[in-house]
Every structure is written in structure tokens, then in C-alpha cells.
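Peer 1: The chain contents come next:
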Amino acid sequence: MKARALRGAAPRLAFVVLFCLAGFPPLFKAVTAPPPAGFDVAPSAPPSAPAGRPLYREEFIDPEEPLQTAHCPALVELGGGDLLAVWYAGVEEGSADVALYTASWDRRSGRWSSPCFITDAAATGAELGRSVRKIGNAVLHRDENGRLRLFYVTVSVGGWSGGALNVKVSHDDGRAWSRAQRLVTCPILNMGTLVRCGAVRYRDGSIGLPVYHELIGKFGALLVLGPDGSVRDERRISWGRSSLQPSVVPLDDARAVAFLRQSGMPERRLLRSRSADGGRRWSRPALTGLPNPNSSVSAVRSRDGTLWLAYNTMEYDRDNLGLARSRDGGETWEDVYEFARAGDGEETLGFSYPFLIEASDGTFHLVYSWNRARIRHVRFNRAWLEAL
Amino acid sequence: MRPPLLEQLLAALGPALALAAASASFGRLLGPGRLPRLLLAAAGAACLAVPAGGLPLYAHIRGAVGELSVVTLAALAAAACLAAGGKSFLSRRDLSALAAAAAVSALALYPAAAGAVPWDLYRTGYRPLLPAACVLAFSVWAWRTGRRGAAFTALAALAAFDLGALEAENLWDYLIDPAGALCACGWWLWRVSRAAARRAHRPCAVPAPLRGFEKR
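One line per chain: the protein sequences are A and B, in this order.
Residue 15 in this note's numbering sits at position 15 of the first sequence; the count goes up by one each step and never skips.
Residue 177 in this note's numbering sits at position 177 of the second sequence; the count goes up by one each step and never skips.
What the hints contain is simulated information worked out from the structure, not anything from laboratory work.
The C-beta atom is built at its ideal place from N, Cα and C for all residues, glycine as well.
One should not assume that every hint holds.
To be verified - Incomplete in silico selection of chain B near chain A, CB under 10 Å: (1) LEU13; (2) ALA43; (3) CYS47; (4) ALA49; (5) GLY85; (6) GLY86; (7) LYS87; (8) THR145; (9) PHE161; (10) GLY164; (11) ASP177; (12) ALA179; (13) TRP188.
Stated by the list, open to error - Computed footprint of chain B on chain A; a stretch qualifies when at least three of its residues, placed anywhere within it, have a C-beta under 8 Å from a C-beta of chain B: (14) 21-27; (15) 112-126.
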């Protein structure tokens, strides 16, 4: 009798124990989680007279005999003012031989190192233990401890809309990389999340990685990763089927503005969304006055509060790449320079996918895809901009 | 980060269970013995280790469908146990409750994840106050209505999330996956359509004679 009663009580006891052990940690974690920190932004300084002589230099990063396709470059500043660039190159976009390459720029000599192979579809597939068919966009982020993260897109099934995010970590400024780790960011087979523009920092060491989804809809979001690299949240910047590749620029610790590439809209205009609460909520994207031929843009805020935008200046093609300036947080813009322009009747594949940063010494560095065949680096300073 | 071996084992678990269930079911057609069925199930699962194109077969399945949720893994394990050993730890009522929960979650989760609406239900799974509370409420309901297997499965999913057993860091990925949700929706559609068809073919009840007009 007693044994039967005990046998009947055992499952109940197991249920209660499992209920408590499994149920309370997530509830406790959710309730005690600290409120999200604001953006880590250097305070604005009043504009000062540009120091030094005007500087403007252009060069190719990759060697003269390029692979047939080189595209989607991104930059990060290393310690000491050196730079590291990443891009993908191969026979053609999406082919199995496409690989990610990095090159470092030495500040003292002003020269780029030879491109260094990082990974390709086969290597990433072996590291992840899953088939990977192609490899694509990549961006770099360096945290306050000097840890470098390489976020990149791979596809196992289908086209780019089947992309998923992966991350590699380096503790020695990109000389050695950890094995790839998959980031799960979408409940539908973890497909359709891609990355293009640079990440932003939060005061608590978290990373805000602008991503976009294009499995069914096309919309931008800010993926929040903890200091350890774990995914903590995703905050939607837009929704629907026509906006992607957000370039997020924090204006202060609470306010930020995001510029989004339009895709498939009748109005070929750049989209803009704003946040006033540390990127938790974003306004409905509004059309700006700037043209956008369904192409990526890159925005950066300099220390005096001015916003700079590298973008394709025409509505229907990527044959012109220019720089615009805004002194009112992205409301109004004035064109200041044109970096590249196709000649009359010249057949090009465009000058696209700009990636713009301001280094700690105040120099601006821009990399972009030149004719989809090579990666071009442009550097200029405030003195040059003021002299325009 | 999970140890690579554990990660590979967990990644192979879903396809292995599915193949084991399918192989053992095929074995049932061949004869009543339990041993052949168990051997067939093991052989079916072992097929996944066969290399194809430089990677084991399961890596290709993983590339296409990702990792399965704990609930789907439990359902597959139950199916494999039933096919190979004749007994299962999930009853039909358990599976029915889990399938209903998965179907409702899928209808709420997937359109939002596709960008069809401005809100995003999936993000509630990162700091999962609401989903965890729902799972706990579901497990209590399932326990009280005698669906003990469903209750334990839901709590196992929550425990796996606490331990970070899967690749994902979102509770929703431990509860639901597209393959499981598709099966759940399909099963419920089939059940509803069958019930509707049965109701349509039910013979009309013969009206009882009115009082006072009975034949004498």
C-alpha cells in the first residue's frame, strides 16, 4: 500500500522539482535583467579649426591582378590607429570559391598589407558542422577590450534571402581567428538575416549590430549582443518589404538615426528612421530627399556632431559615389564631394557599398567596391573637407 | 560555446531520431520481432554518419533545416520508441496538446518574424518572461488534465533553454521549429477536417414521437 502511494507520488515530485528548477531561472533572469544601457558616444565638441594640411589619398587595397569579383568591404580601426579591412572575393558573387579576405593598413607607412585569406564556404561549413553553399557580406567590430569580431553571412540553401549570421573572434587584431559560431536570429529555419553596416557600442559593453532580414519581408533591425557575444535582443527598425541595410548612427546616449536602403519602392529615396530611447523603438522610416538606387549607404558622426554620408548620388544606377554632410542630425543634407563617377558611355558595374569611418586621429577612411572588381580606399581629413 | 562534440551530437540527434523511427516502422512491416526493429532503427540512425561531399549526411540536413526544437525532438524520440519498442512516453493526448500549442505559437510567431507586422513576438524569447510563464502555465494545465508527457516535455524544453543545450539563445527555438510546426498544423488540419466529415455523414436522429400520440 505504502509502496504504491510512493510510486504514485514520484512523478508528482519529479514534476514539482523540474517545474521549480526549469521555470524559475528564466523568470528570475528576465525580472532581474538590468535596464539596457545607452549608446557609447563621445560627447560632441565644438567645431575647431582644422589642424594640419589637407589630406586626400586614394588607392586600391587588393593587388593589381584581382580575382574577378571583389565586393562589400568593411573597415575597423585597430589600436594605434592602424586599420583592418575585410571583403569577399572570388570568381563571381555567390560562387563556391568566394572567400573572405582581410588586409591591414599601417598608419606609419600608409601601406596596405597583402590580402589574407580568412575563411570560405567549405571552411565555415566544416567549423559549423553543416553544409554551407556560399559566403557573403562581412563586417568587423572591435570592443573596448581590443577583441575583434568578424560577423559574416553564409547561405546553406537558396539565395541571399536564405542567409544566416556567423561570428569569429580574434584576440590579436585579426592575425588568428576562432572557429565560426552561428548566431540564431530568426525562428524560420534561422534564414534571411544579413549584415552590411558597422556596429555601434553601448555603455555596458553590449554591441548593437545593424542587420536586415530578407527571407520574406525586407526590413532592418538592431541586433543587440552582450559583451560576451551572446544574442540578447533584436529591435526592429522597420518592417514590411522595402527597407534594408540600416546604417545606424548614435547622436547621443539616447538618440540615434538610421539610414536604410530602399528596395523595390517607387520612390527611389533613402529612408530614415529615428530612435530616442537607446535604439529600443524606432520611428516609421521616412523618405529623405537623397536619392537611393537600391544601394547600400554608410553614415558616420564626427566629433563636432556633423553627420557624413557616403552614398550613390543617382536614382537609377551606382555610377556615382559621393559624400554629403548634415549639420542638423540628418534632417537636411548638402553634397560636398564626388569620389567616383563613371565616364560618359562607360560600362561599369558601379562604385558601391561604401563603408565610412572616422579614425581616432580625425582622419576619415572610406572603402568601397570599385566596379565590383577591386576594393578602393580613400582617406581625407577635415582640412581637406574645409578647403572644398 | 558548447564543446564541438556535444554540438555535433545534438545536431545529429533530430535526423537520427527521425530516421530511427522510419527504419523501425519499416521493420514492423517485416515481422513482429523487437530485435530486428531495434537493429534497423540503429542502422537507420547510423546512416547519418556516412560522409557525402566532405561532410557527414546529417550536416547537410542541419544546413537545410537547422536545429530542431526540444519539443520536436521529444516527439521524434517518442515515435522512435513506439516504432522500435512498441511503447512510447508520449500518449496521443500528450501529442495532441503539444501539437495544438505548437500550431498556435507558429501562427503567432512566423508572420511576425517574416516582417508582416510591426511587432516582433520572437524577441520576447531572449529575456523570456512571457514565454516562460506561458510554458509553466501550459505544463500545469497539462499535468492537471492528465497529459503528463506533455507537461514534462514543456518543462524539458525550458530546462534545455536554461542549460543552453541548443545553438539558439531564444526560448522560442527550444519550443517550436518550422518542421515541427508544419507537422502540428497539418495534424490539426487533418483532425479538424476528419471531425467535420464525420459530423456531415452522421445519420439524422429519428424524432421521438410526441407525447399523447404514442401508438397503443
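Peer 1: Each hint needs a verdict: does it hold in this structure or not?
Peer 2: Here is what the structure says about each hint:
no. : hint    : verdict
1   : LEU13   : 13 Å, violated
2   : ALA43   : 22 Å, violated
3   : CYS47   : 16 Å, violated
4   : ALA49   : 12 Å, violated
5   : GLY85   : 20 Å, violated
6   : GLY86   : 22 Å, violated
7   : LYS87   : 16 Å, violated
8   : THR145  : 13 Å, violated
9   : PHE161  : 7 Å, holds
10  : GLY164  : 9 Å, holds
11  : ASP177  : 8 Å, holds
12  : ALA179  : 9 Å, holds
13  : TRP188  : 19 Å, violated
14  : 21-27   : holds (count 6)
15  : 112-126 : holds (count 3)
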